[in-house]
Amino acid sequence: MKKIQRTATLLIPVLGVFATLYVVFVAGDTLRFAFFDPNAWYASGWVHPDAPVPLWQRAIYAVIWILPVALGLFAVYAALRAVLLMRTGTLFDERVGLRMRQVGIGTSMSGLADFCANLVSPSILSLTNPNGAEPLSWYFDSEPAGLIVCGGGFYLIGWILTEARRLADENEGFI
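Okay, so the sequence shown: first residue is 156 according to the numbering used here, each after it adds one.
Label pairs and their calculated CB-CB ranges: (1) Ala195 to Ala225: 19 to 29 Å; (2) Val218 to Pro193: 11 to 21 Å; (3) Glu325 to Val218: 41 to 51 Å; (4) Ser292 to Leu165: 38 to 48 Å.
Quick caveat, the hints were computed from the structure, so don't treat them as lab data.
Just so we're clear, the structure is a prediction, and the values are computed from it rather than from any experiment.
Positions of the beta carbon are idealized from the N, C-alpha and C atoms, including for glycine.
Model the full structure from these sequences, guided by the hints.
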């Protein structure tokens, strides 16, 4: 039990550093691209050199790409809440199960939102092109697919923990 508690304690700053770097680099790059580097749009290859890039178009792009970050941060926050419980020795508890299911939902939804953002990005970037917007662009990317699968695993672990606790409570009178 002490090893689990020590490991959980060590994970707290790791999750904090990850969340900070995630916001600074991923959200920061999105905002820089969307609002602060006007030439980046033209360098992307999707925007025609004569196309205007209005603020509303930049805002749509930013929202589309900030959504996966926000969902990922929700998953990290849920993981932190689970780790804080584990640090106190609370393991087979419905609260840990709930937090792990939340980690799973946040992780999977972040991956799905990332997949969708990749799908619509060329269309958003090219909305004001003289020849019209590019069609949706589908391709397989293992990163969001991996997030979706891992999120499913976290959800399953949380579900198992919750069921284990329920069965233990149900059978307590028989043992």
